[in-house]
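Engineer: Residues per chain are reported as follows:
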Amino acid sequence: MGKTYALTGNPNSGKTTIFNELTGSAQYVGNWSGVTVEKKEGKIKNTDVHIVDLPGIYSMSSSSIDEIIALNYIIKDKPDGILNVVSASNLERNLYLTIQLLEMKVPVVIILNMMDEVRRRNMDIDFDELKNILGTKILSTGSNDRSQLKEIKHIIFEDNKSSFERFSYFSIDIIKAIDKISSIILEADQNLGVDEKWLALKILEDDQEVLNEFKNINPNILEEGKNTRKELETKNNEDIKHLLAKQRYAFLSLAAKKVIKDAQGNLEKESFTEKLDKYLTHRILSIPIFLGIMWLIYYITITGLGDATIGFMEWLIGDVITELAQFGLSAIGASNMVESLVVDGIIGGVGAVLVFVPQIMILFFFISILEDSGYMARIAFMMDRIFKKFGLSGKSIIPMLVGSGCSVPGIMATRTLENERDRKLTIILTPFISCGAKMPVYLLFATAFFESNSHWVVFSLYVLGIIVAMASGMLLSKLRYKGESSDFFMELPPYRLPVIKSVAIHMWDKAKDFLVRAGTVIFAASVILWFAQSFDFGFSKVTDPSQSILAILGKMIAPIFEPLGFGDWITSVAFITGFAAKEIVISTLSVLHGVSEGALVTSLRGVYSPLSAYSFMVFILLASPCFAAISVMKKELNSWRETGFAILYQTGTAYLISMTIYQIGNLIY
Amino acid sequence: MTIIDLKPGQSGEIFQLDLDGKLKSRLMEMGMTPGTSVKFVRTAPLGDPINIKVRGFNLGIRRSVAQNIILK
Ligand SMILES: Nc1nc2c(ncn2[C@@H]2O[C@H](COP(=O)(O)OP(=O)(O)O)[C@@H](O)[C@H]2O)c(=O)[nH]1
Ligand SMILES: [Mg+2]
Numbered sequence: 012m013g014k015t016y017a018l019t020g021n022p023n024s025g026k027t028t029i030f031n032e033l034t035g036s037a038q039y040v041g042n043w044s045g046v047t048v049e050k051k052e053g054k055i056k057n058t059d060v061h062i063v064d065l066p067g068i069y070s071m072s073s074s075s076i077d078e079i080i081a082l083n084y085i086i087k088d089k090p091d092g093i094l095n096v097v098s099a100s101n102l103e104r105n106l107y108l109t110i111q112l113l114e115m116k117v118p119v120v121i122i123l124n125m126m127d128e129v130r131r132r133n134m135d136i137d138f139d140e141l142k143n144i145l146g147t148k149i150l151s152t153g154s155n156d157r158s159q160l161k162e163i164k165h166i167i168f169e170d171n172k173s174s175f176e177r178f179s180y181f182s183i184d185i186i187k188a189i190d191k192i193s194s195i196i197l198e199a200d201q202n203l204g205v206d207e208k209w210l211a212l213k214i215l216e217d218d219q220e221v222l223n224e225f226k227n228i229n230p231n232i233l234e235e236g237k238n239t240r241k242e243l244e245t246k247n248n249e250d251i252k253h254l255l256a257k258q259r260y261a262f263l264s265l266a267a268k269k270v271i272k273d274a275q276g277n278l279e280k281e282s283f284t285e286k287l288d289k290y291l292t293h294r295i296l297s298i299p300i301f302l303g304i305m306w307l308i309y310y311i312t313i314t315g316l317g318d319a320t321i322g323f324m325e326w327l328i329g330d331v332i333t334e335l336a337q338f339g340l341s342a343i344g345a346s347n348m349v350e351s352l353v354v355d356g357i358i359g360g361v362g363a364v365l366v367f368v369p370q371i372m373i374l375f376f377f378i379s380i381l382e383d384s385g386y387m388a389r390i391a392f393m394m395d396r397i398f399k400k401f402g403l404s405g406k407s408i409i410p411m412l413v414g415s416g417c418s419v420p421g422i423m424a425t426r427t428l429e430n431e432r433d434r435k436l437t438i439i440l441t442p443f444i445s446c447g448a449k450m451p452v453y454l455l456f457a458t459a460f461f462e463s464n465s466h467w468v469v470f471s472l473y474v475l476g477i478i479v480a481m482a483s484g485m486l487l488s489k490l491r492y493k494g495e496s497s498d499f500f501m502e503l504p505p506y507r508l509p510v511i512k513s514v515a516i517h518m519w520d521k522a523k524d525f526l527v528r529a530g531t532v533i534f535a536a537s538v539i540l541w542f543a544q545s546f547d548f549g550f551s552k553v554t555d556p557s558q559s560i561l562a563i564l565g566k567m568i569a570p571i572f573e574p575l576g577f578g579d580w581i582t583s584v585a586f587i588t589g590f591a592a593k594e595i596v597i598s599t600l601s602v603l604h605g606v607s608e609g610a611l612v613t614s615l616r617g618v619y620s621p622l623s624a625y626s627f628m629v630f631i632l633l634a635s636p637c638f639a640a641i642s643v644m645k646k647e648l649n650s651w652r653e654t655g656f657a658i659l660y661q662t663g664t665a666y667l668i669s670m671t672i673y674q675i676g677n678l679i680y
Numbered sequence: 074m075t076i077i078d079l080k081p082g083q084s085g086e087i088f089q090l091d092l093d094g095k096l097k098s099r100l101m102e103m104g105m106t107p108g109t110s111v112k113f114v115r116t117a118p119l120g121d122p123i124n125i126k127v128r129g130f131n132l133g134i135r136r137s138v139a140q141n142i143i144l145k
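Chains as they are written, first to last, in our numbering: chain P, 12 to 680; chain A, 74 to 145.
Excised from the complex, chain P in its bound form:
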């Protein structure tokens, strides 16, 4: 059996980077059971060593979902060792988590990361002294030198028996209390499977999450813990948790002084981040800079590089692949029917989506850069004031920005919000921010109907999404999610150069999602749609698609959309298939109009007016997201009622706004 090591560390300590470095492409992403927090696992190349990436946390106190996941994994799954990533450029706070791990008496090795950053500032770390204080093995690394990571393959976890004495930094009364409770635990002789002194500490702290895991614990022990805690708190006139934090930090301040070599006092001098922040969070300049960056990302994705990649993909699919397929099929003497299935059904449907994959990758490239560089946290910092007005906190902008790529990770990113009310509200609002899969729909319609103004039309949709999200935030926080938004506080991490490898892995992961969908759901949907529109209920081939099975079904729901301006059966079917994945909307249109990407534009012009086309785009933008997003919403909201409400609210809002636009537009023109 191979060994399993867990990676832990503070947010922004470089955990993801180290994980990618260790596992390369041999990784996969799943979910932790019960919650949709991403669970990343992988193997070190050519070994049997398994690595699990735990969520980034500041402490082991089980006060957030992330902390609970990390704690549970360590006490229940009992990994063979813990690789604790510590940012050398922020030693005191990072070691707070480290000493909590050591208090658990689990095997720990420290990966001291960001050493390049420390040395660039002409400082250094005394490794021997740090090892002496903590008694663990230390691997030092930085973005310029990752060689020591190789040792992880055959690392031996020392038994941390050396100089580190657990709890020695607590006051005498706390140490005595831990001893007392742990001796009762030992006397009770229950096989609890964790270190008794650590458990004693958790009982003293009254950590409900941990105690829930040990339900069979003798109630007398808990009673004793409660009494001791009361005694301690009265004596010190302070909450036990605060006492512990104070005493741990007192120890860490001293340790940091001994370990950090800073002869020139560089720690106090202005860092690169502080210089850059003078502009990026400047009173006046910061807002134009922020809007400029957003505009640039949007412009490059939609217009600049986007147009070029679309042109290339259309040529590749429409000309090269289609012609090759036709040539191949006629060479083997395939019937017209088969040719139609392949060319109109499969290539038409799947191709319509594939055209946009490079563009979607470009979007994820930028989102990944925003996150990794540290700028995303500044956006949250700058926007907090505005978001507060709309009943949210600045942190809610992060799920929304991530959601502009895909609502699924966007909704998952809401876990960083501590406040349940904020979290629920943000989950419901995030799908209003247009996702990457909806982008192809706008691009297709905008080029077909608005020619030279097409980019402004697409831009207006993004803006509309933001406005509707904000207005809904205000409305729902008055009507349904009452109460205060959480007190915003968040780390503003140092600006760092994103690592190409991490960005590339991120982009590839997302592109893979789209490609897999194109090869499975969209492929299947295209084939089914082709059949459903080629045959009637008697299963004989129809010459006029409006007599087909699909047309008859489509016509049943079409009247619902009449007031919105698109009451034809093809559009209704496209909306319904769009639940499977939003990009299927264009596959559907392409298959049902029986034409390829290029000619679709002409076909669409016969069906919609510019006004009804705009109304349709607005409806796609705002209406309920795809099944994948709905299922994540359900998991995160943990209630069908809330999820049902969200879907109804989103679709109802979409219907009202589209109808208003179409009806008012009709009066004007």
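Please note that a few of the clues may not be correct.
Which stretches of chain A does chain P cover? Using the computed rule of at least three CB atoms under 8 Å from a CB of chain P, they are [unchecked claim]: (1) 86–97; (2) 109–118; (3) 122–129; (4) 133–142.
Hints are computed from structural coordinates only; laboratory data are not their basis. Note that the Cβ used here is the ideal one computed from N, Cα and C, for glycine as well.
Following the hints, put chain A with the ligands in place on chain P, whose structure we already have.
Structural biologist: Structure of chain A with the ligands alone, referenced to chain P:
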């Protein structure tokens, strides 16, 4: 005196946090314990929140929280 009484660039020493349990625990776990030095770095462009620096890292907190962090 509290953090918001500092001018940008000025530092002070934390005396106590007049905040409720959970938020107080969170901030203390991030190193904002009594006796620690805090620097008021700057205010966000729209006037709230503010950027402070403790133990070598930057933190954004709202004014409503900062005015309950009492300095020596
Ligand atoms: N200078 C420097 N930057 C690093 C190092 N390791 C990671 N980074 C960068 O720090 C940022 C945060 O890293 P990430 O791995 O996402 O941190 P996580 O939040 O712990 O997963 C990214 O921009 C990385 O490129 C390092 O050793 N040195
Ligand atoms: Mg990460």
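Engineer: Taking the numbered hints from earlier one at a time, note which ones the structure violates and give those numbers from smallest to largest.
Structural biologist: none
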